[in-house]
Amino acid sequence: MTMPENVASEYHEVCGELDNITLKVFDVLSQLNETRQSLESTLKDGYFLMSKARYSMGNKSVSTVQYNEKEMVASALVDVYTESMFDTDAFKFELTGPNDTTTAEIDKEKTAVRKRNIKSTVDDVTRGIEELNVKKDESDLKSKESKSNDDNTVDPIKWFGVLVPQALKQSQACFKKVLTSSCEISSLQNELMALKHAYKDKMKQKMSLQANSAET
Amino acid sequence: MTHSAKSGKLLAVIGDEDTCTGFLLGGIGELNKHRHPNFMVVDKSTSVSEIEDCFNAFKSRDEIAIILINQNVAEEIRHVLDAHTDPTPAVLEIPSKDHPYDANKDSILRRAKGMFSAEDLR
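Here the protein sequences come in this chain order: P and W. Just add 308 to the spot in the first sequence (first one is 1) and you have the numbering used here. Just add 24 to the spot in the second sequence (first one is 1) and you have the numbering used here.
Hints are not guaranteed to be accurate.
Stated by the list, open to error - Just so you have them, the derived chain P footprint on chain W, three or more residues with Cβ under 8 Å: (1) 44 to 55; (2) 86 to 99.
As the list claims (entries may be wrong) - EDC-like mimics (lysine to aspartate or glutamate), calculated; alpha carbons at most 20 Å apart, straight line: (3) P:Lys504 with W:Asp122; (4) W:Lys129 with W:Glu99; (5) P:Lys360 with W:Glu41; (6) W:Lys121 with W:Asp77; (7) P:Lys360 with W:Asp130; (8) P:Lys514 with P:Glu318; (9) P:Lys512 with P:Glu321; (10) W:Lys57 with P:Glu402; (11) P:Lys514 with P:Asp387; (12) W:Lys137 with P:Asp335; (13) P:Lys504 with P:Asp397; (14) W:Lys137 with P:Asp509; (15) P:Lys504 with W:Glu99; (16) W:Lys83 with P:Glu318; (17) P:Lys504 with W:Asp130; (18) P:Lys485 with P:Asp335; (19) W:Lys121 with P:Glu321; (20) P:Lys352 with W:Asp130; (21) W:Lys137 with P:Glu342; (22) P:Lys485 with P:Asp463; (23) P:Lys466 with P:Glu342; (24) P:Lys504 with P:Asp335.
Bear in mind the hints are in silico, worked out from the structure with no lab data behind them. The C-beta atom is built at its ideal place from N, Cα and C for all residues, glycine as well.
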């Protein structure tokens with residue numbers, strides 16, 4: 309079968325794109341498999357630790373009865389955006405909370421050594437430090453205000469008591485980790501479906517080029 | 025190339041007590057203005073139609089981006105999951121405490137499997 313030169317170049321271009329899509333599909337599948345495995349092992353740990361907490365707290369202490377629907381506000385939210393690949397759009401998901409860094413920062417602030425009265429011999433130096441401290445205090449106040457505005461959620465672990473076993477805290481950490489993996493897997497699944505559509509379109513294009521060249 | 029889109033969407037969960045408790049501990053639980061939760065606890069007494077209705081309700085809520093569902097629960101409403109082809113909300117099948125995950129049953133992976141078959145190109 310011989311093709312006109314312009315059709316042949318287009319045909320080869322389409323074949324190249326099909327190859328690229330196929331390689332990308334296998335790449336996404338291997339990533340999906342890897343993330344799935346990590347999700348499964350983390351989830352398994354989460355279930356095990358929850359059972360451990362239930363064993364030490366009592367059978368009915370970790371159940372639906374403890375859900376506090378009055379204070380139920382989601383701290384883990386998802387950002388959705390689209391990413392274009394091979395002429396199609398794939399939806400991607402990214403977890404925006406729970407923000408572990410802010411809690412770590414707050415803990416750090418609580419445990420940090422407070423400002424102390426240190427006498428200095430040179431007045432200019434102390435004045436300079438005082439000015440700097442005032443500025444720092446102002447900025448700290450502003451950041452604390454913004455944090456308190458954002459932080460209207462109650463940690464769900466408090467539904468189960470004030471002094472909960474360590475196992476329940478660890479279980480919570482596992483489930484938080486699972487949320488990140490879930491977003492990754494959902495993104496990869498959408499990417500896979502987008503690649504499927506792109507492959508289908510290119511395959512149709514290839515077939516129509518073949519049919520056209522056969523007619524001529 | 026990325027485009028900015030909606031932020032602050034929710035995750036929903038349909039599953040057994042432990043799955044729901046775990047994910048609520050993770051901080052996904054929320055009630056909307058109509059006091060409808062974004063989770064459903066499935067037990068022995070829950071009927072298939074109830075699960076189906078709940079899934080359809082989650083699907084129609086704009087604020088939900090991902091629906092997490094236990095694979096054994098997903099098996100019961102497989103026909104509904106197979107019919108759902110929209111990219112959002114994304115449906116993610118997860119293992120439960122008693123039932124391990126089986127990739128051969130996953131709706132998305134089954135769709136991906138048929139990618140290189142001749143039937144799919146028609």
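Results of checking the hints against the structure:
no.: 1; hint: 44 to 55; in the structure: holds (count 12)
no.: 2; hint: 86 to 99; in the structure: holds (count 3)
no.: 3; hint: P:Lys504 with W:Asp122; in the structure: 33 Å, violated
no.: 4; hint: W:Lys129 with W:Glu99; in the structure: 8 Å, holds
no.: 5; hint: P:Lys360 with W:Glu41; in the structure: 15 Å, holds
no.: 6; hint: W:Lys121 with W:Asp77; in the structure: 24 Å, violated
no.: 7; hint: P:Lys360 with W:Asp130; in the structure: 30 Å, violated
no.: 8; hint: P:Lys514 with P:Glu318; in the structure: 9 Å, holds
no.: 9; hint: P:Lys512 with P:Glu321; in the structure: 14 Å, holds
no.: 10; hint: W:Lys57 with P:Glu402; in the structure: 24 Å, violated
no.: 11; hint: P:Lys514 with P:Asp387; in the structure: 37 Å, violated
no.: 12; hint: W:Lys137 with P:Asp335; in the structure: 15 Å, holds
no.: 13; hint: P:Lys504 with P:Asp397; in the structure: 12 Å, holds
no.: 14; hint: W:Lys137 with P:Asp509; in the structure: 17 Å, holds
no.: 15; hint: P:Lys504 with W:Glu99; in the structure: 24 Å, violated
no.: 16; hint: W:Lys83 with P:Glu318; in the structure: 41 Å, violated
no.: 17; hint: P:Lys504 with W:Asp130; in the structure: 16 Å, holds
no.: 18; hint: P:Lys485 with P:Asp335; in the structure: 23 Å, violated
no.: 19; hint: W:Lys121 with P:Glu321; in the structure: 49 Å, violated
no.: 20; hint: P:Lys352 with W:Asp130; in the structure: 19 Å, holds
no.: 21; hint: W:Lys137 with P:Glu342; in the structure: 18 Å, holds
no.: 22; hint: P:Lys485 with P:Asp463; in the structure: 16 Å, holds
no.: 23; hint: P:Lys466 with P:Glu342; in the structure: 33 Å, violated
no.: 24; hint: P:Lys504 with P:Asp335; in the structure: 13 Å, holds
The structure fails hints 3, 6, 7, 10, 11, 15, 16, 18, 19 and 23 (numbered hints given earlier, in ascending order).
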